[in-house]
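Line order of the protein sequences matches chains D and Y. The numbers in our numbering rise by one with no breaks, and the one at position 232 of the first sequence is 232. The numbers in our numbering rise by one with no breaks, and the one at position 72 of the second sequence is 72.
Careful, some of the hints might be misleading.
[Claimed, not checked] Covered stretches of chain Y (in silico footprint by chain D; criterion: 3 or more residues with CB under 8 Å from a CB of chain D, positions within the stretch not fixed):
| # | stretch |
| --- | --- |
| 1 | 122-129 |
| 2 | 132-141 |
[As the list claims (entries may be wrong)] Once the Cα atoms are required to be at most 35 Å apart in a straight line, the calculated DSBU-like pairs of lysine-lysine come out as:
| # | chain 1 | residue 1 | chain 2 | residue 2 |
| --- | --- | --- | --- | --- |
| 3 | Y | LYS185 | D | LYS250 |
| 4 | D | LYS219 | Y | LYS222 |
| 5 | Y | LYS20 | D | LYS11 |
| 6 | D | LYS30 | D | LYS81 |
| 7 | D | LYS78 | Y | LYS20 |
| 8 | D | LYS82 | Y | LYS20 |
| 9 | Y | LYS222 | D | LYS82 |
Worth flagging that the hints you see were computed from the coordinates, not collected in a lab. We treat Cβ as the ideally placed atom computed from N, Cα and C, and that holds for glycine.
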Amino acid sequence: MIPKIELRGVKKRFGSKVVLDGVDLVIEPKTSLVIIGGSGTGKSVTIKSILGIIRPDEGTILVDGEDITHVNGAARDKVLKKFGMLFQGGALFDSMLVWENVAFGLIQGRGMARRKARDIAFQKLAKVGLSADVGELFPVELSGGMQKRVGLARAIAADPEIIFFDEPTTGLDPIMADVINDLIVSTVKDVGATALSITHDMASARKISDKIAMLYGGKIIWTGPTGDIDHSGNPYVEQFIHGRADGPIKMAVKA
Amino acid sequence: MNFLTHIGHAVTTVLAHIGKLASFTGRSVAAVFSPPIYGGLVVRQMMSIGYYSLPVVGLTALCIGAVLALQIYLGGNRYGAEAIVPQIVVLGITRELGPVIAGLMVAGRVGAAIAAEIGTMKVTEQIDALTTLATNPIKYLVVPRLIAAVIAMPVLTAIGDTIGVYGGYLVATQNLGFTGGTYLKNTVDFATHQDIISGLIKAAVFGFIVALMGCYNGFNSKGGAQGVGNATTNAVVSSSILILAADFILTAILFHTS
Numbered sequence: 001m002i003p004k005i006e007l008r009g010v011k012k013r014f015g016s017k018v019v020l021d022g023v024d025l026v027i028e029p030k031t032s033l034v035i036i037g038g039s040g041t042g043k044s045v046t047i048k049s050i051l052g053i054i055r056p057d058e059g060t061i062l063v064d065g066e067d068i069t070h071v072n073g074a075a076r077d078k079v080l081k082k083f084g085m086l087f088q089g090g091a092l093f094d095s096m097l098v099w100e101n102v103a104f105g106l107i108q109g110r111g112m113a114r115r116k117a118r119d120i121a122f123q124k125l126a127k128v129g130l131s132a133d134v135g136e137l138f139p140v141e142l143s144g145g146m147q148k149r150v151g152l153a154r155a156i157a158a159d160p161e162i163i164f165f166d167e168p169t170t171g172l173d174p175i176m177a178d179v180i181n182d183l184i185v186s187t188v189k190d191v192g193a194t195a196l197s198i199t200h201d202m203a204s205a206r207k208i209s210d211k212i213a214m215l216y217g218g219k220i221i222w223t224g225p226t227g228d229i230d231h232s233g234n235p236y237v238e239q240f241i242h243g244r245a246d247g248p249i250k251m252a253v254k255a
Numbered sequence: 001m002n003f004l005t006h007i008g009h010a011v012t013t014v015l016a017h018i019g020k021l022a023s024f025t026g027r028s029v030a031a032v033f034s035p036p037i038y039g040g041l042v043v044r045q046m047m048s049i050g051y052y053s054l055p056v057v058g059l060t061a062l063c064i065g066a067v068l069a070l071q072i073y074l075g076g077n078r079y080g081a082e083a084i085v086p087q088i089v090v091l092g093i094t095r096e097l098g099p100v101i102a103g104l105m106v107a108g109r110v111g112a113a114i115a116a117e118i119g120t121m122k123v124t125e126q127i128d129a130l131t132t133l134a135t136n137p138i139k140y141l142v143v144p145r146l147i148a149a150v151i152a153m154p155v156l157t158a159i160g161d162t163i164g165v166y167g168g169y170l171v172a173t174q175n176l177g178f179t180g181g182t183y184l185k186n187t188v189d190f191a192t193h194q195d196i197i198s199g200l201i202k203a204a205v206f207g208f209i210v211a212l213m214g215c216y217n218g219f220n221s222k223g224g225a226q227g228v229g230n231a232t233t234n235a236v237v238s239s240s241i242l243i244l245a246a247d248f249i250l251t252a253i254l255f256h257t258s
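The following block holds chain D by itself, in its conformation from the complex:
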């Protein structure tokens, strides 16, 4: 079977700082993979490399078996139409109403008629548990949890084949975090999508993933089914999932 997404030896450095040092990763169709790892280990860079927002220095990125590493312009837009993404801070357009945010990709990206896109936007808002009147508000009028839901509705608006979640539970209270986790699981299943998430919230990682990969030192150092995470036999993974200050991973106190 052709993997939905495959990374081969992806490297990226900013100035003299090596962020990704040969990332190899395979995501099977219709599975949910979570990348765990500490802050600043290059989780976001990995996702942005796949989307083409950041261009890797070396390596190959394949989507549906097609090399998209150096694709630009209209061909890139075509690839991007397979993706939806939930950003860490929501990244909602603050100059637009909530429903316009959700409908944006349909109207601008796909040229759908405004009225039809509006109907779909309200359906998607309902799917993430938001009532119709929320659609007529501006994003700044919403709480953090509601903004995350709107971001989720926007990510799934065009029924993407692949959905990325960047720290979906960061900054939310534990209950709201669990609500978002449930929504992620149900929406991904509903759409039949392939999901790639990055997080350092282990409760979230366990709940939303089929497989977990750990990024450390610019490389994937462990990957396996979610059930195996507690007996990985990898001291780095052990330290991370139990949140211990002592262990092989040394936190740089000084930047």
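Starting from the structure of chain D, add chain Y where the hints point.
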């Protein structure tokens, strides 16, 4: 040795900036000439760049015109040339002060706003979000602002020119003893098409500079509130300097004074 490293580092930094700006400009101009163009956004930007700048440009033009009339009268008075006020006012306003003052005012008002808005979108990942929604951020954010600024600035300057001449007229007729009819006749007889059109060409170029530098600095802002603050400052400072430099070059080209 350390000293040389510093110089080398400074030179490479400047070159890197010039390269980045050139690449950004190239991509933006190319995007202007490739469909689709978001017409609704162009109109909205023309409102915010042109229409809402009218009060500040009009007011400064009025003051500049009035001061110019007064200064020329006082200076010309020394050798009995005070009658030349209307001619010098219209020449100074249309060729030079109209476009430059409008350019600098718009750089402060609009360039800062563009950099702050796009900078905030950058640091809150809204620009990345555009990309994931299959929308090219250059097309969606930069192109409408460039087109709107290049169209709106000459219009704004033409209005500013008129108000500036009126400022001179007011002072000359109220305080300096000119009769209204003579003042206007001398103004109209003296001003040539070239005076006015050269000023409007300058205005279009200044509009391009303001929008480009606002967008460029916004797109390259890093970090949080401080990064956006820096982007705003850099947008205003760099566009003001570029306007003055471009003004000199354009004057030399438009009037062949070499």
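Given coverage of the stretch 122-129 of chain Y by chain D, tested with a Cβ cutoff of 8 Å and a minimum of 3 residues: Result for this restraint: holds, n = 5.
Given pair status - LYS82(D), LYS222(Y), alpha carbons within 35 Å: holds (29 Å)
Chain D over the stretch 132-141 of chain Y, status - at least 3 residues with CB closer than 8 Å: Satisfied; 6 residues make the cut.
Distance restraint between LYS30(D) and LYS81(D), which requires alpha-carbon spacing of 35 Å or less: holds (17 Å)
Satisfaction of hint between LYS20(Y) and LYS78(D), Cα-Cα up to 35 Å: Judged against 35 Å, a Cα distance of about 27 Å means the pair holds.
LYS82(D) paired with LYS20(Y) [C-alpha distance capped at 35 Å]: holds (30 Å)
Given hint LYS11(D) paired with LYS20(Y) - CA-CA distance at most 35 Å: holds (22 Å)
Restraint check for LYS219(D) with LYS222(Y), where alpha carbons must lie at most 35 Å apart: holds (26 Å)
Hinted pair LYS185(Y) and LYS250(D), Cα distance within 35 Å: At roughly 82 Å apart (the allowed maximum being 35 Å), LYS250(D) and LYS185(Y) break the hint.
Of the numbered hints listed earlier, the single one contradicted by the structure is hint 3.
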